[in-house]
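Visitor: Letter by letter, the chains look like this.
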Amino acid sequence: MATAEQDVNASGYAAPETNYINNGYGLKSWLLTKDHKRIAVLYMISISIFFAVGGLFAGLIRLELLTPQGDFSHSDTYNKLFTMHGVVMIFFFLVPSIPATIGNFLVPIMVGAKDLAFPRINLLSWYVYIIGGALGTIGILAGGVDTGWTFYTPYSSTYSNSNVLIVAFAGFLAGFSSILTGLNFIVTIHTMRAPGMTWFRLPLFIWAHYATSIIMLLGTPVIAITLVLMMLERAFGFGFFDPRLGGDPVLFQHLFWFYSHPAVYIMILPSMGVMSEMVSCISRKRVFGYEFVAFSSVAIAILGFLVWGHHMFVSSQSTYAGMVFSVITFLVAVPSAIKTFNWTATMYKGSIVYNTPMYYVMGYLGLFLVGGLTGLFLSNMGLDIHLHDTYFIVAHFHYIMVGGQVMGYLGGMHFWWPKISGKMYPEVLGKASAVLVFLGFNLTFFPQFVLGYMGMPRRYHAYPDEFQILNVASTGGASVLALGYLLPGIYLVWSIFKGAQAPQNPWGAKGLEWEVADSPPTTFNFESTPVVTEEAYNYGPIEEH
Amino acid sequence: MAADHVDHHEHHPYGLAHQFEDMAQQKESVLLGMWSFLITEILFFGGYFLTYLVYRVNYPVAFNEGSHHLDIGLGAFNTVVLILSSLTMAMAVHKSHEGSRNGTLGYLIATFILGGVFLCVKYFEYSAKFEHGLVPGLAWHPHGEQSPQLALFFSLYFGMTGMHALHMIIGAGLLIWLLVKTAKGTYTAEYNAPVEIFGLYWHFVDIVWIFLFPLLYLLGRH
Chain F
1 MATAEQDVNA SGYAAPETNY INNGYGLKSW LLTKDHKRIA VLYMISISIF
51 FAVGGLFAGL IRLELLTPQG DFSHSDTYNK LFTMHGVVMI FFFLVPSIPA
101 TIGNFLVPIM VGAKDLAFPR INLLSWYVYI IGGALGTIGI LAGGVDTGWT
151 FYTPYSSTYS NSNVLIVAFA GFLAGFSSIL TGLNFIVTIH TMRAPGMTWF
201 RLPLFIWAHY ATSIIMLLGT PVIAITLVLM MLERAFGFGF FDPRLGGDPV
251 LFQHLFWFYS HPAVYIMILP SMGVMSEMVS CISRKRVFGY EFVAFSSVAI
301 AILGFLVWGH HMFVSSQSTY AGMVFSVITF LVAVPSAIKT FNWTATMYKG
351 SIVYNTPMYY VMGYLGLFLV GGLTGLFLSN MGLDIHLHDT YFIVAHFHYI
401 MVGGQVMGYL GGMHFWWPKI SGKMYPEVLG KASAVLVFLG FNLTFFPQFV
451 LGYMGMPRRY HAYPDEFQIL NVASTGGASV LALGYLLPGI YLVWSIFKGA
501 QAPQNPWGAK GLEWEVADSP PTTFNFESTP VVTEEAYNYG PIEEH
Chain C
1 MAADHVDHHE HHPYGLAHQF EDMAQQKESV LLGMWSFLIT EILFFGGYFL
51 TYLVYRVNYP VAFNEGSHHL DIGLGAFNTV VLILSSLTMA MAVHKSHEGS
101 RNGTLGYLIA TFILGGVFLC VKYFEYSAKF EHGLVPGLAW HPHGEQSPQL
151 ALFFSLYFGM TGMHALHMII GAGLLIWLLV KTAKGTYTAE YNAPVEIFGL
201 YWHFVDIVWI FLFPLLYLLG RH
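Protein chains in written order, with the working numbering: chain F, 1 to 545; chain C, 1 to 222.
No wet-lab data here; the hints were simulated from the structure.
One should not assume that every hint holds.
Examples of chain F residues toward chain C, derived with CB under 8 Å [stated by the list, open to error]: (1) D115; (2) I179; (3) T191; (4) L218; (5) P221; (6) V222; (7) A224; (8) I225; (9) T226; (10) M231; (11) L232; (12) F238; (13) F240; (14) G247.
Estimated spans, in silico, between C-beta atoms of each pair [unchecked claim]: (15) F236(F) <-> G103(C): 35 to 45 Å; (16) G24(F) <-> I83(C): 48 to 58 Å; (17) A172(C) <-> L383(F): 28 to 38 Å; (18) I176(C) <-> I45(F): 32 to 42 Å.
Beta carbons are placed, not taken as given, at the ideal position from N, Cα and C, and that holds for glycine.
Chain C extracted, bound-state conformation (with noise of 0.2 Å):
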């Protein structure tokens, strides 16, 4: 009795998974899973709020000058860069709801475009750390006079942006892999949560940086 086998899949709607029973399911399940996944990115970064947390209280004046020493336009315009991205992110999974195969392409790459912009500001931001000596172990002679704590804000800088960087990296090849899938076609109005869901890593990964912004570029500048 055991042996006969019910088919499982007699009415198989196009995209769902064989663990679930419908699309709602399958909807609920992923962005469940996304938000999930989400929480242990914020705790994740937590560690690293925390800790600099601890040292700019106890360390006011080296936080202060160590924010002098970062360029406050270019972070600036990598904000601004990194708002527009999740705009189009945002449209880009307004219309794959719509089911509108070129205009979520088009936002896609547009995203991708800002990404690599972003990134491309932040690796000249880097250079020019190591060119002034300000990268702790690696390169540090900073000029002049400075705060022995100085290390420790260099080091927060550069471990927070320096992860940032790397989902920012995650981020952008999981981009092109969901441009190769758009351009198949493989995403239609009923089943688009994988844009949908990269779209909220994708703000997550947007809003870690307008905190990483304030406390590390603004704060403590006059």
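Next comes chain F alone, as it looks inside the complex (with noise of 0.2 Å):
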């Protein structure tokens, strides 16, 4: 956008001399740092290292499903291949990934405050990650692990001749660490707002990661001692879930669900806070129906505690108890189709902006919107037992997940990172990322959701010959994929050394970040506290062209 760089010469924005970036230099300064901005850096860092791990393990998947027989691995390699993707994934890449980054670096800041309640705490989050990582890392490279990411008792806990007791300790690592992110996250957002940032001024995004965090704190210990009994099992031999011992097996599954089902929306709630900043700006209007946006994010993460139920169609569960798990299933799309319809409204007649971000906004709403809507099959009962474990179900949560949170991610990478960089990124290159992730992705993804239905189940490395046309097109989809996430990763990091200077406020858009701190911030973000006086999205009336 050329306009956007005129503007910094025009409005002759002076940078801070001494920002957070190069107050200091060496290593220790970065390692032993108590800011929240070089932490999230730190963060950014390593997750995306983690990305890259487990986009290999998906990149190999997709090559071994080319055709139908086995190429190059066997189902035991396979098994392997598709656990430590999710593994990778969910637990080093999808929970942190806004709310200990993006989140990390602006919930102090779109507070008001200097820093997070408790710096050190959220330095050691970053170390019980990194340990964590280590740990899985040589779980995997021991010879890997192959009982799915869910564990799945009694295979994980006897059977299984793989890493389990390693990359489960390193799975407990990542849960403490998301604990202590959550915890800082909260005291933050209920003690330390600036005056005048009343509860109903807060940014949706503060909503957004409130509600992440409840989730964080009430669902991750359950998992953490969910794989405790599990380890202890395999380790020692107790008799949680061995049904020699008259264990139950299912209630492993009970117990991995209530978290893991809330899980999923510490995998897209971030998101929405995130699109709510950017649907706000890119259209110059306060978003829509504010208040119901920032309850539907509370709803949701109550809502999801509820619906754990609805993994267990085929697993034993009463019916009676599948109904009312399928109901509550149902009722989660009620607060998700808030969010859309209220981010849409918002763009109605706004003054919209055609720039990265937009695009990144436009890709995200529709992909969420399928993702959202096959939730609804998958929570019917009777049509989950034709779909389960399935390509189906596969096609589904990686359009919430990766369609949504990786989508949301990237999108505030872009809106934000002349903020966080202090420098401009290439418009067009911007532009092309996002509509190669959305074309990569939605021809990765769609053919599965046909494959899924036509009965492909998940988690084989071989398959019936009439399948290969779509596999292929998966397949080709995928490498369009790789491209649309390479794309970012090279220019963002290029514009960081060649990048234009950055404006304060480049977007034009509203918010302490954007009006108050500098680009890139002071390590204490603001000079003086900033006292708030209006509504957060306040923009002025949209001009008629």
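Since each chain comes alone in its own frame, lean on the hints to assemble the complex.
Guide: Spelled out as structure tokens, the structure:
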């Protein structure tokens, strides 16, 4: 966007001489930092590495599925590939993706604070994450794990011959790290808001992160204890889930999904916060129905704890329990639809700017719509018997977690990149990446809906010949998608060194991070504590063209 | 203009961390932080309690049998020890509010000793279980007739009391750190939040035991 770059010179914005990036150089000043912005950068680098690793496994899966017969991997190797893809992507990329990076960077700035409430605990959470990541990597290098990311018993606790213990412990540590992040956010949002920053003046990004943090605090300890029980059974032969001793393997599934279903919302709610900020800015309008969007985040967090049974429609769960879970699952569509409709209504009669964040917003809306609506198919008990454990479900959750969260993550990275790095990225390439990701994503995962409906089960390395054409399309799409993800990795890094200096507020956006903090912000974010006197997204009236 | 730095620390009360505006905000934050952490702990132990509940309902006979294998005398003694340690901990917090360094130090040491007594008794209880072959997976050869699900009871016994003991050990470690800090005179009548939030943690660990004792030792005894 050439106009934005001219604005820099025209407005004569002088970037601060000392900011959080050049305030100390050595490795120690980064590894022992208590600055939430530097910790966010540490997280960005770490999760990018895990995203690449998880993506590599995905690439190998798609390569294997190019032809009907097993080519380069035995079924055992294939089991390890999809397990490690899931473990790495979920525990080490998706859960921390937006909260630990963009959230870590923005939550204190958006509420008008100097830092998170507990900077040392914030740093600790990164170290716990890194130790977990290191253990996970050791487990992978030592031969991997083949239980599926769900670690279902009794296979994981008794029969699997792979590195279950070390990888499960790595997942436990990753969970502990996200508890610490969530705890920091909850306390910061409660006690550190600047004068005048009332609850209903908070940006919706903060509401989304508040809801996410509730799930992190209430859900993550349950998966932690579930993994502990499984590990004790595997290591010492304790019999919590062993049918030979009277234990019930399905109890593991209940405990596991009590966390892991809410965790799905950890992997979508933060991106909804990102969307609210971007939709409002690109439309030059206040988010339509602010309160409804705010409370729909909280509603999703609460409902998320009451739907875990829909993962067990075919696991001996009582039909009557299944019916209750089915109805509550349908209810989740309500707050999700409120958000989608309200974002669309925000854009209606807005003065829309066609920039990179806008492209990501449009892509997100389309993909989340498909992901959300196919969720309704799966919450239907009868239909679920047909679709359970097929590629339909694989496509569904990728539309939510990749089409939703990763689109939100990338969109948010572009939107706040001028603030985070102080540099502008090349606008043309930004738009190109958004288009590539959108096309590649649909080409990869839409055929999987069809495959699943036709009956192709997930988690097999070979399949009947008639499924090949759609699998080839899916693999082709994955290649385009990989290109779309690679591109921002290249030009964003390039812009750090060669990009134009970003102005304080390149998008003319509302919010403390744009209007008060510098680009990039100084170590304590603000020169003095800001005082908030207006609603969020108080964009002026739209001029008629 | 932006390069000019305003000194954030012009008037800086003792013990106030840089990110907070004043002591009241700091205290509110650390208390809320600890309470939030305790909520995660409740859900963490909740997984154990749920598992216990499910299997107790399914296998009442085996669980009654299991509780007869436990030493009710030692369990009751430990319960009293922990309740006493909660009292001394509460007194330590009270003394730190008064700004009494020696008072705080004395009560913290008493708490530490009581915690140590609990762990010693637990050690002897565990050793006895190993001797009697009542440790599933590691030493399992119980004498005489028994229900097939007795191993499930003892899996839960060791899982739950073991996790509780781990929390006690972590608590004891934190207590040593608090003792050093208190001895150095770090805490004053105005700045004593670490003592207070550690108190919350310690009481929580005690309360977990207050639930464990009747569930494991008392229920089903006649």
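Visitor: All the hints need checking, so say for each whether the structure fits it.
Guide: How the hints compare with the structure:
1. D115: OK, holds: D115(F) within 8 Å of chain C, min 4 Å.
2. I179: Status holds, d = 6 Å.
3. T191: 4 Å, holds
4. L218: 6 Å, holds
5. P221: 4 Å, holds
6. V222: With a minimum Cβ separation of about 5 Å from chain C (threshold 8 Å), the hint on V222(F) holds.
7. A224: Where the cut-off is 8 Å and the nearest Cβ of chain C is about 6 Å from A224(F), the hint holds.
8. I225: Holds. Min distance 3 Å.
9. T226: It holds, given that the least Cβ distance between T226(F) and chain C is near 6 Å, below 8 Å.
10. M231: 11 Å, violated
11. L232: 6 Å, holds
12. F238: Status holds, d = 4 Å.
13. F240: 6 Å, holds
14. G247: Hint holds; G247(F) Cβ to chain C Cβ min 6 Å, cut 8 Å.
15. F236(F) <-> G103(C): 35 to 45 Å: 44 Å, holds
16. G24(F) <-> I83(C): 48 to 58 Å: 50 Å, holds
17. A172(C) <-> L383(F): 28 to 38 Å: Hint violated: Cβ distance 55 Å, outside 28 to 38 Å.
18. I176(C) <-> I45(F): 32 to 42 Å: This hint holds: roughly 36 Å between Cβ atoms.
Hint check: violations occur at hints 10 and 17; the rest are consistent with the structure.
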